[in-house]
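Q: Position chain B relative to chain A; hints supplied.
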Amino acid sequence: MGSTVATGRVAGKVAFITGAARGQGRSHAVKLASEGADIIALDICEDLPFAHSPHATWADMEETVRLVEAAGGRIVARKADVRSREQIDAVLAEGLEAFGKIDVVIANAAAIAYKNVLDITVEEFEATLDVNLHGVFNTVQTPVRHMIERNEGGSIILISSGVAYRATPSPDYSAAKTALITFARALANELGPNRIRVNTIEPGYVLTPALDNDKYGERTAELLGREPFASREEHRAAMWDQFKPRNMLPVGWVEPEAISNAVLWLASDESRYVTAEELKVDAGFADKSA
Amino acid sequence: MGRVEGKVAFITGAARGQGRSHAVRLAEEGASIVAVDVCHDIDEIAMPLATREDLEQTVREVEAVGGRIIAREADVCDLAQLEAAVAEGVAAFGPIDVVVANAGVAAYKDFPSLSEATWRKTIDVNLTGVYRTVKAALPSMVAAGKGGSIILISSGSVFRGGGLLTDYATSKNGVVGLMRSLALELGPHWIRVNSIMPSTVLTKIVDNEVFATVVSNAMNNGQPFETREQRLEAMNAMIASRHMIPRGWVDTRDISEGVLFLASDDAKYITSESLRIDLGFAGK
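Just so you know, the protein sequences line up as chains A and B, in that order. According to the numbering used here, the residues represented by the first sequence are 1 to 290, in order. According to the numbering used here, the residues represented by the second sequence are 1001 to 1284, in order.
So that you can see chain A by itself, here it is in the shape it has in the complex:
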């Protein structure tokens, strides 16, 4: 154990984060660590056959570890699949051994097929639900049992999506992410007496490797009905122009840190009576007519 007392808005808390090797998950880990939390992190660190875009690698996770430690936090980081309760529980056991408790859960890991309704197979549809919905159930159940037993409350944050409010060409992803809202509401109602809060965050467009990759460049070109992009930069510029009119604020997307700021608020005791909230961090995406 360190000899110094942690300071910050989540000082002394322990946060469990899935999909933490890169993108939003990494940003949440670093932000919470910079405000005094210790981190239990997992990521599948391999590609999934049905998923459209490349997933993170173990090298990405090593970078998360480096950044969390540089921010002053401690971290237990492991390769694990949210579809496997056994793998999750093994990581949690190691995290509990190291830090003794779990105060915060951030269910962030997700996958997407990027196919239209008529093109997606039921197997692909179910594969997305396996990660984005059943994977969230798997992520929260063991920590919830721990939190109830410990009787110190807790904060569970499910990363939903702005697609819950607006039509987008991703039926598998939309179905799973929207289901998280009602799952969170039921869980919040059940766990209120235990002072365990359950909230969702609905990000709008966030520029992470999930969008910023060559495979998604092909998808963007297909959706826009144009020839392939010559470069990653050209793809980014096209996405910015494509997304910006859908937002109230004059931006195409928000940075991962913007989502992490909301995660921090919901993880901290500043929001001690906030539960079953859908917190949109979306530059006004949800409420703007297309």
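Don't read these hints as lab results, they were simulated from the structure. Incorrect hints may appear among the rest.
[Unchecked claim] Derived DSSO-like pairs (lysine-lysine); straight-line CA-CA distance at most 30 Å:
1. B/K1121 - B/K1109
2. B/K1146 - A/K244
3. B/K1135 - A/K244
4. B/K1268 - A/K244
[Claimed, not checked] Here's a subset of chain B near chain A, in silico, CB distances under 10 Å, partners left out:
5. T1051
6. C1077
7. R1180
8. E1185
9. L1260
10. K1284
Ideal Cβ placement from N, Cα and C applies to all residues, glycine included.
A: For chain B alone, coordinates are given in the frame of chain A:
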């Protein structure tokens, strides 16, 4: 370095309750405060409103945490009064960065006995008062060209029916419509507009003799309570079951934490959000 260091916040209904709490919390985090309150009772509204002494107490509390404040008696039903207060604030501290439209009243009348005059007054304070508040502050925000955050205090009564709140719930629903439309219009200026949807907050808006009648009718066969403690205990029992987290109310500080978050640059991409700070009231 505070979380709203150097910002200037204009707060209505700031003499007591939530408004005072927002002023103190924002000042703790480095903001300068321009505070207004009507500071007298209103004929059409039975509940007692704040006083000049209350507003002076807000000044003392803001200054005690190291904040700067200009506090003026001004009515949200009078645009010229609001504009005068804003002008003084801008002259002293610079352009407004944050608006907290907090002033509100409730009549607590059943519908048959709710007079048109009272209905109109509630709408005039709670909805048109928000229009005037934004109207007074916006020119300085747009002219400064550095964006801003407008926070409208709406209510959980937007999501669930509550007894004796027809005037109040209607006005607070209107606030959400105003919020969304303003968010769309002001987005290009980087002015974010959000509302907060509190459930019950223990302030004078419920901790008073008018609301005491509501509680005694519901919980005590219409008999008055002997002490405030007994009344609050009954009120807690009346309300707690409506919340996922079984408490009767949140503290003013809990709403202020939401105000601070939305006022700060941590929320720089959050606009058109209805932030519920409600113990799970809206979802239950």
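Q: If a hint holds in the structure, say so; if it doesn't, say that too.
A: Evaluation of the provided hints:
{"no.": "1", "hint": "B/K1121 - B/K1109", "in the structure": "13 Å, holds"}
{"no.": "2", "hint": "B/K1146 - A/K244", "in the structure": "20 Å, holds"}
{"no.": "3", "hint": "B/K1135 - A/K244", "in the structure": "27 Å, holds"}
{"no.": "4", "hint": "B/K1268 - A/K244", "in the structure": "16 Å, holds"}
{"no.": "5", "hint": "T1051", "in the structure": "29 Å, violated"}
{"no.": "6", "hint": "C1077", "in the structure": "29 Å, violated"}
{"no.": "7", "hint": "R1180", "in the structure": "5 Å, holds"}
{"no.": "8", "hint": "E1185", "in the structure": "9 Å, holds"}
{"no.": "9", "hint": "L1260", "in the structure": "8 Å, holds"}
{"no.": "10", "hint": "K1284", "in the structure": "6 Å, holds"}
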